[in-house]
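Chains as they are written, first to last, in our numbering: chain V, 1 to 111; chain X, 1 to 235; chain W, 1 to 344; chain U, 1 to 355.
Careful: at least some of the hints might be erroneous.
Straight-line distance between alpha carbons at most 25 Å, and here's what the computed DSS-like set of lysine-lysine pairs gives [what the hints assert, rightly or not]: (1) Lys167(W) - Lys115(U); (2) Lys288(U) - Lys43(U); (3) Lys190(W) - Lys26(V); (4) Lys148(W) - Lys19(X); (5) Lys325(U) - Lys288(U); (6) Lys167(W) - Lys189(U); (7) Lys174(U) - Lys115(U); (8) Lys174(U) - Lys126(W); (9) Lys15(U) - Lys116(W).
Covered stretches of chain U (chain X as the covering partner; in silico rule of three or more C-beta atoms under 8 Å from a C-beta of chain X) [unchecked claim]: (10) 128–140; (11) 224–233; (12) 267–273; (13) 295–303; (14) 312–319.
Keep in mind that the hints were calculated from the coordinates and are not lab data. From the three backbone atoms N, C-alpha and C, an ideal C-beta is built for every residue, glycine too.
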Amino acid sequence: MSEWGFTVIQTNQSDMDQMDRGLIAKIGNAEPSIFWCIGCGSCSATCTAAQFNNFSPRRIIQAIRSGQVKDIMGEVNKCLLCGKCQLVCPRHVNTRNILLNVKQIMGQDAI
Amino acid sequence: MGRLYERLCEDLRCLEGLKSCMNCGVCTAICPSAEFYRYDPRKICDTVQRADDESIEQLLKSDTIWYCGECMSCKTRCPRGNTPGLLIMALRKLSQEMGYFTDSEKGRQQFAIRRVIGDSILTTGYCMRPILVNPANHPEQGPVWEWVYNNLPEVMDKVGANYLKDGPGALRRIAPEVLSEINQIFQVTGGQDFFQLIEEFSKDKADEMCLDAGELGGDNAYFSEVYTKNSGNHH
Amino acid sequence: MNKTIVIVGGGPAGLEAAAALGSSPHHVLILEKEHNTGGKLKNWHHLFPNFADASEILKSLEKSLPLNNSEIKYDCDVFKMEQMDGNLLVSLKSGEKIKADAVLLATGFDLFDAYKKEEYGHGIYKNVITSSELEGMFVNNSFPDQLKDGLPKKIAMVHCVGSRDKKAGNMHCSKLCCITGVKQAIELRKYLSKSSVYNFYMDLRMYGQHFEELYQEAQEDYGVNFIRGRVSEIAEISDGKLQVKAEDTLSGRPMKMIFDLVVLLIGMTPATSAASIAQSLALPKSGSGFLAPVHQHISANETCIPGLFLAGTCREPLSLQESITDARAAALKIIEWLKLKDNH
Amino acid sequence: MEQEGKKRIWSEYQKEIADDHYFYVRSCIRQTFFPGSETTFLKILRDDLSRDVFEDARHTTCTGIGYHTDIVPFETIMTIAARHFALMTEAGYVNFVPSCVTSFGIYTEILDTWKHFPEMEAKARDYLWTATRREFKIPDNLSHTSDIIYRFRNELAELSGHRLVNKNDGKPLKVVEHIGCHYAKMFPKCGVGGAEFPAVLSGMVEAWGGEVIDYPERRHCCGFGFRQYLIKANRGYSLSNSKKKFESMQPYQPDFIVANCPGCAMFLDRWQYTIAEMEGITYDKSGKGIPVLTYEELAGLIMGYDPWVMGMQMHQISVEPLLDKIGIVYNKKDKYLGSKGQYIGVPQPPHFLLQ
């Protein structure tokens, strides 16, 4: 804290016009089923990893689609790649492949 | 349906504030607090309407319920006629009645508010008076206020206030017989007991934290702690 | 014995009921308050979920109107009805009175007046339009200039405007705006191929045949974005663009976004033109103010007034297909009732 | 922007505002920071408009800040309110006029609660009798002091010597109006113009020749948040919400801000100073900040009152640039003098904000 005893706080409000659309553009090409998600949450309910940490495939798809991808690798790495999400999805979203793609793309970007 | 939920439902502000929520999010969209704290009024409504005591207890012990600024912007927009801000007031009341407020950093601040605002009401008849806005604790008030503060009688006189004098007018001294009426009202309506409750729970917490809470005012370690402590984990 | 059946309203339900009554020996008189028939279908371009041409459908409805026993009177404002010796006396504003053996109310619906959602600024911000105004733009091919410069545009579709909203005085779900929003999003993507469209919704009630499929097409083939959160406020920023605030409830964060055009998906509300008729007969209304039948499940077309029947959206929000089916059901009930009346 | 659309909304929110004989209750925050505004209100009403305003020295805080910091229970505050109604009844008045927006919100909330839960009103009568042996009638009319000025805006325009017009180029001054949240957000029907397009301040500004700016965050809270300001550790909330508003209004280059809530007026003034000192930013071109006025001061200015007698020297953001734009003649030297013209020192200049 400053001499004032408080500081200006960064807003939590997502400015959707300033979001990073790069990742969704790439993933949309590689795995278009990401657009089919209706946010029902059955993937998160069945998720093996979610039993042990606060991982949520539904939230991650949401984050990629809206471009809130700043800290996404930390989240993606919680996934065990078991693929149960894909089995339960009513819209045939290939969540596992989406996450694999994130790893690949973000890995490339890192290099 | 648990005991805490039932107690919440005894508060009119819970009945008025939360009829049924459909999780549309209009409240959170324009909530000044959701913008700067880790706070989502929609989720609070949803937690409460599930009527699960364990989650409600968690809520009552958390920082979360203390983030709201009670601006009531949520009320204007809710398509179901709810007022999450009123629900918050009911939650805060219960949190204080149960003594849960001392479990959270933001909840513990109630002690400082009770000492400053509470005592000011009972001893002077004002919530807020110039002398309470001490430049040392209020650097944001700026140098003009500091000048006002150092020249209160002269400045107040110039702008037509009746500073600390009898009779009507701004900042007049409120007569002892009026204050005794105010104290009577606090006595009769439970306001006094509620102040006492906040004091007692806070002193217990101060003991636990090995800090002195004094008997009056803000010149003590526990007051400084709750008034200035910001862990930074709220956003 | 031949009888007179009065149908109030020459929209799809009224026209279809008249067609269905064509095979009966009775005289059918349609009282239409405007200069022509078709009701709100006249102002619609394409219909969900298959983009059928609304004007074609209207033409075929009008064509099937029987010439032998039906008659249409235009510019008739019905304002009162009375029960009289087992018949109904229908009073027009012109002073004319018509005796009817049976009356079918097919008075339709009003569109929700979007100005009541003050926080959306309809009537104040010029780029906030309603779904019905958008449909009019498609009909007349009259889009505002700022959409025609070929640059990419951002368009928001706001669901549930005036529906499911106690504050706006409508608790009911209008049920057709969801699919309308999906249909119009696709149309906008087709018309302005460089544009992006965002639908702000709470629930997408895809109840009808091929509705869910259309929703999926919108996502898969047209790249329409769906954000789960009710719009909280719209504000104009410089150059007429609009700032929209909602909570993205699936990520639990407040959000804002700037749009070139905002389309408010307004729902159906009870028709004001039916209000004075209902009042004159003390006809009960449902909670949301639509005309109430005797029994919602088994007598949805009959009212507590002998000889008075309901068809179409005067009793609840219905799609065109449902209105038409409903009109036929009502016609059948009327024929049955007139038979009974003869026997007594 | 279509003004007709707004007028249609305004026509639905025409609240009744009493014409005369007001029972006046003061605001804690107003008295603390801008007491001259309350003095000005009374002068305008009594001297310029010949209205009867009664103030009972025995009235107190409504305890609203205690209520909204959750240390004062509802039962208590409604009985304090009942006591104020009793003072009004005893004085023979029926029109209740609070100077504070928080109080105004409290009174509307209490009256609404009593309407829906008559047993609560009975309880309040009981508590009040037990505690003070007083009885009360519910006011016929509850209006905020800004409602009263709004009611007389056209009369004041006729009496006034100044218009809200830039004397250098003849153009209307651009004005940001800020309405306190508790004025109408809880009960839109209780505010002139409702909650979304309130007309109480814009009506004054337009009647006096200014032009109101509709900027995107017009409806956002100033950020007081009660406990969010009173506790030092929380003040980032307060500051950041005001900052959001300043950033949103900046492109429209307002000549000044006018607020109808005592807290808002003070915060919008002080936070500009704090932001300037913290980050080296001001939201106007001159580097002096955007002047923030109370509506009483605004009314007083057009009526030709002395800005220093109204207390405008108590603002952190200098008001002189605005006075010069309007063409108000004032004595520069007198600004910081005491009531008898004596020298009592002057404020330190801020580090960043220009004077």
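Which of the listed hints are not met by the structure?
2, 4, 7, 13
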